[in-house]
Amino acid sequence: DTAVSQTPKYLVTQMGNDKSIKCEQNLGHDTMYWYKQDSKKFLKIMFSYNNKELIINETVPNRFSPKSPDKAHLNLHINSLELGDSAVYFCASSQRPPGLATGELFFGEGSRLTVL
Amino acid sequence: GNSVTQMEGPVTLSEEAFLTINCTYTATGYPSLFWYVQYPGEGLQLLLKATKADDKGSNKGFEATYRKETTSFHLEKGSVQVSDSAVYFCALQFYTGRRALTFGSGTRLQVQP
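Chains A and B supply the protein sequences, listed in that same order.
Here this note's numbering is used: position 1 in the first sequence is 1, and no number is missing along the way.
Here this note's numbering is used: position 14 in the second sequence is 14, and no number is missing along the way.
Bound-form chain A, shown alone (with noise of 0.2 Å):
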């Protein structure tokens, strides 16, 4: 049973579409963040959310928009897509937030994300 699961694993569309990712976790954990990996496998951090509470909103361009409707699900949905959102993302949770946390996440696969 997959701890951390992202769907759909790949997506590609057209420049100025809208898409979602969703993330779902079944560990219990309180937090959740999105991690964007470009191409050269540099992963930033884009998002987290403790208990559905947004606490971490790195600078992402307002057409990222994260969401989530309770704390084992947080879902990326991104408007007008374009050619640099082409990147992997990664969702992950951690048992507690940043600043009470342990250090470790525990991550999904990934979903690629390729937009033309």
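Do not rely on the hints blindly, as some may be mistaken.
Unchecked claim - Output of the computed footprint for chain B on chain A, the stretches with three or more beta carbons under 8 Å from beta carbons of chain B:
(1) 45-58
(2) 85-98
What the hints assert, rightly or not - If you want the ones that stay clear, here's a sample from chain B, every Cβ over 12 Å from chain A, calculated:
(3) Q6
(4) T20
(5) A53
(6) H74
(7) E76
As the list claims (entries may be wrong) - If you want a taste of the chain A side facing chain B, the calculated C-beta under 8 Å gives, among others:
(8) Y33
(9) E104
(10) L105
(11) F107
(12) E109
(13) G110
Keep in mind that the hints were calculated from the coordinates and are not lab data.
Source: prediction; values computed, not measured.
Ideal Cβ placement from N, Cα and C applies to all residues, glycine included.
Place chain B on chain A using the hints.
What follows is chain B alone, placed relative to chain A:
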């Protein structure tokens, strides 16, 4: 700001060779340090960690020692296997404030039989 610098890859080794992947960090204060590994087609997973200076993290034959004086956390393994082929990420985090894990750019390791 905080940052992590790793050696560029790919690192290509023969099986049973000795591995070192360099990692240095820049931070105000003394963060906790981590190594994560990403196997092909998978998400990252924690490999080892150290929370204070001179601590040594170890797991699956890998080791890294937190060196405050050189702000480094180099990853080592005495004898690599083909199954160790993966991308390795160094990362740091402070236990105060709301800052998520900061990752380095990753180093790809390729081990040949």
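Hint by hint, here is what the structure shows:
no.	hint	in the structure
1	45-58	holds (count 4)
2	85-98	holds (count 4)
3	Q6	10 Å, violated
4	T20	19 Å, holds
5	A53	16 Å, holds
6	H74	18 Å, holds
7	E76	20 Å, holds
8	Y33	6 Å, holds
9	E104	5 Å, holds
10	L105	6 Å, holds
11	F107	3 Å, holds
12	E109	5 Å, holds
13	G110	6 Å, holds
Checked against the numbered hints given earlier, the structure breaks only hint 3 and satisfies all the rest.
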